[in-house]
Amino acid sequence: MVTNVYVSAVTQDNISRHELLAWVNSTIGANFSKIEEMSTGAAYCQLTHLLFRDGISLRKVKWNSRNEMDHINNWKILGTAWKTLGVDKPVQVERLTKAKFQDNFEFLQWFYKFFNANYVSDGEEYDAVAARGGELLPAGAKGPAPARIVPARSSAAGQPVRTSVPSTGKKASPNPPPSNRNKSSDSPTLKGLEEENAELIRRNEEMMTICETLENERNFYFEKLRKIEDMCNACEDSDTVNKESVLAILYESNDYYACYGDDATFLAKEVFMSDVCLKTKTFMGELVQYMTMNNGQFQRTVRELLMFMRYRIELYGLEGDQWKMKAKGTIGNLGDFEEIIGDMIGGGNVIMAVEISSGEDNKVSVCFLDLLDFRVLTSEFIDSPLFSQVEQCLIGIAPRECLVYVDEGNIVYDNKDRQKKLKSLLKKVGVLETSAKSLQNTCDWEEVLCMFRQNCEVTSLSDSVKRCLCGLFTYLKMDEQNAYMHKFSLSDYRTSGYMHVDSGVVRSLELFALNYHNDGKRTTGTLYGLLNKCRTAPGQRLLREWLARPLCDLRQITERQNVVEALVNNSEARRALSDTLLPKVPDSNQLARKLVLSKAKLQDCYRVYQLAVLLQHLECALRDLYDNDEKNASAVKDLMLEPICYGLLHFDKYCELIRSTIDEEYHERTGDFRIRPDIDPELLRIDKDICSLEKKAEIARTNIAKRLDLESVKLDSNPQLGFVYRVTLKDEKHIRKCKFITVVDASKGSGVRFRDGDLSEINEQYQVLTNIYRTAQQDLEKKVIETCAGYAPALGGLSNALATIDVLTSLARLVTDSANEYVRPTLEPMGSKIFELKRCRHAVLEAILDSHFIPNNIEFGSNRMIIVTGANMGGKSSFVPASSMRMSVLDGIFTRIGASDQQTKGISTFMAEMLDSANILETATSNSLVVIDELGRGTSTYDGFGLAWSIAKDLLSRVRCFCLFATHFHEMGALAEHPGATSLQMSVAVDDGRLTMLYEVRPGVAQSSFGIHVSRTVGFPDSIVEEASRILEELESSASEADIDEVIMKLKTADDDQLIQILT
1 MVTNVYVSAV TQDNISRHEL LAWVNSTIGA NFSKIEEMST GAAYCQLTHL
51 LFRDGISLRK VKWNSRNEMD HINNWKILGT AWKTLGVDKP VQVERLTKAK
101 FQDNFEFLQW FYKFFNANYV SDGEEYDAVA ARGGELLPAG AKGPAPARIV
151 PARSSAAGQP VRTSVPSTGK KASPNPPPSN RNKSSDSPTL KGLEEENAEL
201 IRRNEEMMTI CETLENERNF YFEKLRKIED MCNACEDSDT VNKESVLAIL
251 YESNDYYACY GDDATFLAKE VFMSDVCLKT KTFMGELVQY MTMNNGQFQR
301 TVRELLMFMR YRIELYGLEG DQWKMKAKGT IGNLGDFEEI IGDMIGGGNV
351 IMAVEISSGE DNKVSVCFLD LLDFRVLTSE FIDSPLFSQV EQCLIGIAPR
401 ECLVYVDEGN IVYDNKDRQK KLKSLLKKVG VLETSAKSLQ NTCDWEEVLC
451 MFRQNCEVTS LSDSVKRCLC GLFTYLKMDE QNAYMHKFSL SDYRTSGYMH
501 VDSGVVRSLE LFALNYHNDG KRTTGTLYGL LNKCRTAPGQ RLLREWLARP
551 LCDLRQITER QNVVEALVNN SEARRALSDT LLPKVPDSNQ LARKLVLSKA
601 KLQDCYRVYQ LAVLLQHLEC ALRDLYDNDE KNASAVKDLM LEPICYGLLH
651 FDKYCELIRS TIDEEYHERT GDFRIRPDID PELLRIDKDI CSLEKKAEIA
701 RTNIAKRLDL ESVKLDSNPQ LGFVYRVTLK DEKHIRKCKF ITVVDASKGS
751 GVRFRDGDLS EINEQYQVLT NIYRTAQQDL EKKVIETCAG YAPALGGLSN
801 ALATIDVLTS LARLVTDSAN EYVRPTLEPM GSKIFELKRC RHAVLEAILD
851 SHFIPNNIEF GSNRMIIVTG ANMGGKSSFV PASSMRMSVL DGIFTRIGAS
901 DQQTKGISTF MAEMLDSANI LETATSNSLV VIDELGRGTS TYDGFGLAWS
951 IAKDLLSRVR CFCLFATHFH EMGALAEHPG ATSLQMSVAV DDGRLTMLYE
1001 VRPGVAQSSF GIHVSRTVGF PDSIVEEASR ILEELESSAS EADIDEVIMK
1051 LKTADDDQLI QILT
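If you read the sequence shown in UniProt numbering, its first letter stands for residue 1, the second for the next number, and so on.
Treat the hints with caution; some may be incorrect.
With a cut-off of at most 25 Å between alpha-carbon atoms, the simulated PhoX-like pairs for lysine-lysine come out as follows [stated by the list, open to error]:
1. K706 with K695
2. K599 with K782
3. K714 with K696
4. K584 with K601
5. K487 with K584
6. K706 with K737
7. K427 with K437
8. K363 with K326
9. K324 with K477
10. K487 with K782
11. K594 with K783
12. K89 with K34
13. K782 with K83
14. K279 with K269
15. K584 with K599
16. K62 with K76
17. K76 with K695
18. K420 with K363
19. K706 with K696
20. K60 with K76
21. K427 with K363
22. K83 with K696
23. K487 with K653
24. K324 with K437
25. K782 with K653
26. K737 with K714
27. K487 with K599
28. K594 with K328
29. K363 with K421
30. K466 with K363
31. K76 with K477
32. K100 with K113
33. K423 with K466
Calculated directly from the structure, the hints in this document are not laboratory data.
Sequences and hints are given; from them, build the entire structure.
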């Protein structure tokens, strides 16, 4: 009679893996060294044979086969025997045969208890080696391991549990026999001493085993920490390692990852937001903090550090007795971590290199390498001392990282100052800087040439550009990735034709987040967040690019406006695109990248096929838009319809290829992808066997439904689990107490999935045949994917067309979905000097605020500058977008709005104002728009007023650009007397000492900023308000109006040299 054991795998009397292996080896004369080696099932067959000689036959057991089918056969022999004997233990064959430690360890712990509960000595000798035909177990073993007596443990019932069975001689009884030298004595006292002595010997052996294990572990971790210390000391001695920008995560084994010291503390606080995960060890008398991570936590850490915190990562592994770097990556060179980052590389996928010359002309060479679209952009130009053109490039392309070269030959000019300015610029726009000095063994130009496509013009590239490209090629390890060879296009990057937009404009006008990946987190508060109603990832990237590089070409702008107008007027086509078709479009840039790099799978090829089929529906919707809008038909055709028609032609043959090679019916049934079986005779034969198993599974479903008296039982199959039955959670009560059922999983969505013995047996065969099918189709699958890769260039072009359609549809949705009116602006040629804003509103604030937003009219007329004065919080700084306007095309927008200390860069509020102002005076042209708010507030009143006046006068008389100048220096209103300038004020109402902001623009100059009134509204104590009012009266009375008028007149009539003398 079998004694079944129902014991959890986590009880107090579980024993270690070393003790379990020693027990198995001594019991059946084996020499197992790992728990995973028990996954073949052979050892369990022999241990069962030892317990029940007639209950199992060892004749068909495969002792040392490496074939998974043989292992499954061993488990089937064991399962059949157990079923006959009445052993009530479900065996998870699929999990055990995968040779995972935890699954096999838990099963062996249970069997150990089962063996001791059922073992009874029959007095016969059991020769384990002879029983299996003399075969060594496992194969390659030198012979049976010496018997190792494992300490006895107590069973759940409190009875002694047998832990070892000698491999030769008669079976031992639970208690060892007394030795020969004590046989002559029958004294009860002596027997008691002998038993006590035996117990002490047993305990001593147990403690020695435990001590040995602990000592080995101690030595292992001591050696590991010693090597970590040596590595850290080596890093400290090196001048090239900057710990602030390098995060080392030490790789321990295949099971987990770990980091130590400051890195562990940083990850705990910044990534996991808790110090609970920190552990400590004592090393050399000091506490060392460390943290371990599983694979999922490690992947999260990599994503956070690289993509958002922009840290460098180095991953080390222990090889032999030395730590060696296994992987490294930065925000620009994801390299070894690209698979972990996954689809996140779709945004901000460019890395750049820049070289600044040593000459007086400040010549700059820049190269951009786009890893998503496989393109290289180069440019050379003479830049300003503040690198304004480089900044424009950084905003337009949004690189992750910049590799900096400095020309140190024949130094004519002090390059250190330029390096500092460039470093400050990169930090300001959020681009990670990497010095080219850190590169070793830079590749030759001949190696770099291999990355370009044929017919790329490379002969005209300068030596500086070539040096930058060589650095990028080396830094990205492109020589180690053959998939990149001959894949990149080469073109010039030009800023002409686009408006000048710098980081100050992006921040002050809140266009988008400078850090590319923060745009996904910030959905409100920016113009990008307001406009972004895109349905595809390429569309979102293109919208950001359009905001960063606004067009100056009136024809192209008008063409886009015409398409938006057509979409606004045709609601049916707009809804079809936005709600039905575009949401189904995949990230085709990512698919093209996978195809080019040979990382695609059948699933990716099928997604391209689905996109190609979707083009037919897109073509129908765009054709309807084209046919029903004669006015804007030409723009619709050029920007939307023709690119889709070309895509249909390109992918016609592709669709035929996919339909003839991929089994669509199988995909619809299982959700998995495979090659059609009728292509190859071997695949067809395997498929027939699989179909036979599917019929058997359906018969088994019918049987289980009758047995449970439950018709709602469904049969499901998927690549991960194979065949499973499924019932709803409501019907779970029908299977709850059925011992012949094994529950696989349960969830609200899918219900309860389970199997019985019949389906488990069918599923084992099904999983094996499915794996054989996958192996047999590998060559055919590879050929299909290689053929599909030929369509990658066409897929990239199609992606650009779809992104354009998505952005234009998004803009049309903004107009139609908004509760407020949007009117198409009228644009005039650049230089026509027209700037009229009627009932303009701040579009972003209007969308956020619940209260009514007061519109205003702004017209420059024949003027170029408007001086805006008014009360604090009166709305002087709120003129940016407009819903109705007529204006000339601009070549750039410049702003000086808001300022604060930047202590980490050594920049005060006043210095920040002066840097931005200097950049405006140097870069703005007569076709630019300049918006300045409260300039001069970071220094003394007179200094601030003098600088504000002189800067405004220079913009008015020399630059001659459009300028909105908001200020609290009301004396600046006198500048309106100059030709080309006028003044406006933000109106307020004062009633009985109470101040009301009207937020309306009126002609004239405000007479006060009403700062004291504002302080009263926020609850300042009366004593402070009264004191401030008294001091204000004293200061205003100390200077007569005549004195003030005299100072203003001097400023008006002074030339530049006289103005400098007055201010100093």
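Evaluated hints:
no.	hint	in the structure
1	K706 with K695	holds, 17 Å
2	K599 with K782	holds, 11 Å
3	K714 with K696	holds, 14 Å
4	K584 with K601	holds, 19 Å
5	K487 with K584	violated, 28 Å
6	K706 with K737	holds, 16 Å
7	K427 with K437	holds, 19 Å
8	K363 with K326	violated, 39 Å
9	K324 with K477	holds, 18 Å
10	K487 with K782	holds, 20 Å
11	K594 with K783	holds, 15 Å
12	K89 with K34	holds, 23 Å
13	K782 with K83	violated, 44 Å
14	K279 with K269	holds, 14 Å
15	K584 with K599	holds, 22 Å
16	K62 with K76	holds, 12 Å
17	K76 with K695	holds, 21 Å
18	K420 with K363	holds, 16 Å
19	K706 with K696	holds, 15 Å
20	K60 with K76	holds, 11 Å
21	K427 with K363	holds, 21 Å
22	K83 with K696	holds, 21 Å
23	K487 with K653	holds, 23 Å
24	K324 with K437	holds, 22 Å
25	K782 with K653	holds, 18 Å
26	K737 with K714	holds, 19 Å
27	K487 with K599	holds, 15 Å
28	K594 with K328	holds, 21 Å
29	K363 with K421	holds, 14 Å
30	K466 with K363	holds, 15 Å
31	K76 with K477	violated, 50 Å
32	K100 with K113	holds, 21 Å
33	K423 with K466	holds, 22 Å
In summary, the structure is inconsistent with hints 5, 8, 13, 31 from the numbered list given earlier, while agreeing with the others.
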